[in-house]
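Could you build the full structure based on these sequences and the hints that come with them?
From first to last, the protein sequence lines stand for chains A and B. Going by my numbering, the first sequence opens with residue -5, and the numbers climb by one from there. Going by my numbering, the second sequence opens with residue -5, and the numbers climb by one from there.
What the hints contain is simulated information worked out from the structure, not anything from laboratory work. Honestly, I wouldn't trust all of these hints.
To be verified - Just so you have them, the derived chain B footprint on chain A, three or more residues with Cβ under 8 Å:
no.	stretch
1	28 to 35
2	43 to 54
As the list claims (entries may be wrong) - Covered stretches of chain A, going by a simulated chain B footprint (3 or more residues, C-beta under 8 Å):
no.	stretch
3	-2 to 6
4	17 to 25
5	59 to 72
Unchecked claim - For lysine-lysine, the following BS3-like pairs were computed, each having C-alpha atoms within a straight-line distance of at most 27 Å:
no.	chain 1	residue 1	chain 2	residue 2
6	A	LYS34	B	LYS34
7	B	LYS54	A	LYS17
8	A	LYS54	B	LYS(-2)
9	B	LYS4	B	LYS54
10	B	LYS34	A	LYS48
11	A	LYS4	B	LYS50
12	B	LYS4	A	LYS(-2)
13	B	LYS54	A	LYS(-2)
14	B	LYS50	B	LYS4
15	A	LYS34	B	LYS4
16	B	LYS17	A	LYS34
17	B	LYS34	A	LYS(-2)
18	A	LYS34	B	LYS(-2)
19	A	LYS(-2)	A	LYS48
20	A	LYS59	B	LYS(-2)
21	B	LYS17	A	LYS59
22	A	LYS50	B	LYS34
23	A	LYS4	B	LYS(-2)
24	B	LYS17	A	LYS46
25	A	LYS59	B	LYS34
26	B	LYS54	A	LYS34
27	B	LYS59	B	LYS4
28	B	LYS46	A	LYS(-2)
29	A	LYS54	B	LYS17
30	A	LYS4	B	LYS34
31	A	LYS50	B	LYS(-2)
32	A	LYS46	B	LYS34
33	B	LYS4	A	LYS50
34	B	LYS34	A	LYS17
35	B	LYS(-2)	B	LYS34
36	B	LYS46	A	LYS17
37	B	LYS34	B	LYS17
38	A	LYS17	B	LYS59
39	A	LYS(-2)	A	LYS50
40	B	LYS(-2)	A	LYS17
Glycine included, each C-beta is placed from N, C-alpha and C at the ideal position.
Protein chains: 2
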Amino acid sequence: MIAKVYITLKNGVLDPQGQAVQKSLHLMGFQGLSSVRLGKYIEVCFEDSISKEKAKEELKSMCEKLLANTVIEDYRIELP
Amino acid sequence: MIAKVYITLKNGVLDPQGQAVQKSLHLMGFQGLSSVRLGKYIEVCFEDSISKEKAKEELKSMCEKLLANTVIEDYRIELP
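And the structure:
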C-alpha cells in the first residue's frame, strides 16, 4: 500500500525558495503568476501486512515526529 | 486558480534522501515500511485572467524548463 504525504508551509510563513522560483519563472517570461509555494511530497510504501487504520495512525505519528516541522508546516495524508 | 505540481524521481532512480528517511523511521520504531521516496510539491497560483487551458500549457512548459529535471524526474500537473 502506497500512502502519500504532502507537507506544506503554513499560511503566513515566508517561503523564500518559492519566491526565488517565482522570480525565475517571471524572468523566463511566464506571466500571470501571483504566487509559488514549495512543499514536500512523500510516498511511503507499507508492507501488505499493515492495515489501513494502522498505517494512518503510524503516518500521523511519523509526520508529527520526523517528516514535518509542525511549528511552521502542515501535513496532509492520503491513503488509497 | 491554484495549480498543483508533483515532482517525483523516476522509477529506478536511486533516492538516497528517501532511504535516509526510511532508515530514521525504522530506528524510531516504525515497522513495516518497504520504501520511502521523496518528491516535491509545488503550488502555483495563477491570476484570474489566465484560462485553464493557458495555465495547463504554461505549467507544462515550466516543468520542462525549470521545475523538474526530466532526465531523472517525472512531473504531474493537477488543475482545479
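Status of each hint after checking the structure:
1. Counting residues of the stretch 28 to 35 of chain A whose CB falls under 8 Å from any CB of chain B gives 8; the rule of at least 3 is met.
2. Against chain B, the stretch 43 to 54 of chain A contributes 3 residues with a C-beta closer than 8 Å to a partner C-beta. That satisfies the three-residue criterion, and the hint holds.
3. Only when three residues or more bring their CB closer than 8 Å to a CB of chain B does the claim for the stretch -2 to 6 of chain A stand; here the count is 3, and the claim holds.
4. Evaluation of the coverage hint for the stretch 17 to 25 of chain A: fulfilled, as 4 residues show C-beta separations to chain B shorter than 8 Å, against a requirement of three.
5. Residues of the stretch 59 to 72 of chain A with a Cβ under 8 Å from some Cβ of chain B number 3, which satisfies the need for three, so the listed coverage holds.
6. The straight-line distance between the Cα atoms of A:LYS34 and B:LYS34 is roughly 5 Å, inside the 27 Å bound, and the hint therefore holds.
7. At most 27 Å may separate the alpha-carbon atoms for a hinted pair to count; B:LYS54 and A:LYS17 meet this at roughly 18 Å.
8. Straight-line distance between C-alpha atoms of A:LYS54 and B:LYS(-2) comes to about 23 Å, which keeps the hinted pair within the 27 Å bound.
9. About 17 Å separates the Cα atoms of B:LYS4 and B:LYS54, which keeps this hinted pair within 27 Å; it holds.
10. Under the criterion of a C-alpha separation no larger than 27 Å, the hint pairing B:LYS34 with A:LYS48 is consistent with the structure, at around 26 Å.
11. Between A:LYS4 and B:LYS50, the direct Cα distance comes to roughly 26 Å. Compliance with the 27 Å bound is thereby established for this hinted pair.
12. Simply put, B:LYS4 and A:LYS(-2) have alpha-carbon atoms about 16 Å apart, close enough for the 27 Å limit, and the pair holds.
13. For the hint linking B:LYS54 to A:LYS(-2), the alpha-carbon distance of about 23 Å falls within 27 Å, and the restraint holds.
14. This hinted pair checks out: B:LYS50 and B:LYS4 have alpha carbons roughly 22 Å apart, not beyond 27 Å.
15. The hinted pair formed by A:LYS34 and B:LYS4 meets the criterion: a straight-line CA distance of about 16 Å does not exceed 27 Å.
16. Between the alpha carbons of B:LYS17 and A:LYS34 the distance comes to roughly 18 Å, so the proposed pair stays at or under 27 Å and holds.
17. Of the pairs offered as hints, the one joining B:LYS34 and A:LYS(-2) holds, with about 12 Å between alpha carbons and a cut-off of 27 Å not exceeded.
18. A hinted pair counts as satisfied when its Cα atoms are at most 27 Å apart, and A:LYS34 with B:LYS(-2) qualifies at roughly 12 Å.
19. Between A:LYS(-2) and A:LYS48 the CA atoms are separated by roughly 15 Å; this keeps the pair inside 27 Å, and the hint holds.
20. Simply put, A:LYS59 and B:LYS(-2) have alpha-carbon atoms about 26 Å apart, close enough for the 27 Å limit, and the pair holds.
21. For a cut-off of 27 Å, the pair hint linking B:LYS17 to A:LYS59 stands: about 14 Å separates their Cα positions.
22. Simply put, A:LYS50 and B:LYS34 have alpha-carbon atoms about 21 Å apart, close enough for the 27 Å limit, and the pair holds.
23. For the suggested pair A:LYS4 and B:LYS(-2), the alpha carbons sit about 16 Å apart, so the restraint of at most 27 Å is met.
24. Distance hint between B:LYS17 and A:LYS46 is fulfilled; the C-alpha atoms sit about 22 Å from each other, no more than 27 Å.
25. In summary, the hint linking A:LYS59 to B:LYS34 is supported, as the alpha carbons are separated by about 20 Å, within the 27 Å threshold.
26. Taken as a hint, the B:LYS54 and A:LYS34 pair is honoured in the structure, with Cα atoms around 19 Å apart against an allowance of 27 Å.
27. Simply put, B:LYS59 and B:LYS4 have alpha-carbon atoms about 17 Å apart, close enough for the 27 Å limit, and the pair holds.
28. Restraint check for B:LYS46 and A:LYS(-2): satisfied, since their Cα atoms lie roughly 26 Å apart, inside the 27 Å limit.
29. Proposed proximity of A:LYS54 and B:LYS17 is supported: the alpha carbons are some 18 Å apart, at most 27 Å.
30. At roughly 16 Å between alpha-carbon atoms, A:LYS4 and B:LYS34 fall within 27 Å of each other, so this suggested pair holds.
31. Note on A:LYS50 and B:LYS(-2): the hinted pairing holds, with a Cα-Cα distance of about 23 Å set against a maximum of 27 Å.
32. Between the alpha carbons of A:LYS46 and B:LYS34 the distance comes to roughly 24 Å, so the proposed pair stays at or under 27 Å and holds.
33. Using a Cα cut-off of 27 Å, the hinted pair B:LYS4 and A:LYS50 holds, with the two alpha carbons roughly 26 Å apart.
34. The suggested pairing of B:LYS34 with A:LYS17 holds, with an alpha-carbon distance near 18 Å, which does not exceed 27 Å.
35. The straight-line distance between the Cα atoms of B:LYS(-2) and B:LYS34 is roughly 10 Å, inside the 27 Å bound, and the hint therefore holds.
36. Pair hint B:LYS46 plus A:LYS17 holds up; C-alpha atoms about 22 Å apart against a cutoff of 27 Å.
37. Proposed proximity of B:LYS34 and B:LYS17 is supported: the alpha carbons are some 20 Å apart, at most 27 Å.
38. With a C-alpha separation of about 14 Å, the suggested pairing of A:LYS17 with B:LYS59 holds against the 27 Å cut-off.
39. For the hint linking A:LYS(-2) to A:LYS50, the alpha-carbon distance of about 11 Å falls within 27 Å, and the restraint holds.
40. The suggested pairing of B:LYS(-2) with A:LYS17 holds, with an alpha-carbon distance near 18 Å, which does not exceed 27 Å.
Violation of the numbered hints given earlier is absent; every hint is satisfied by the structure.
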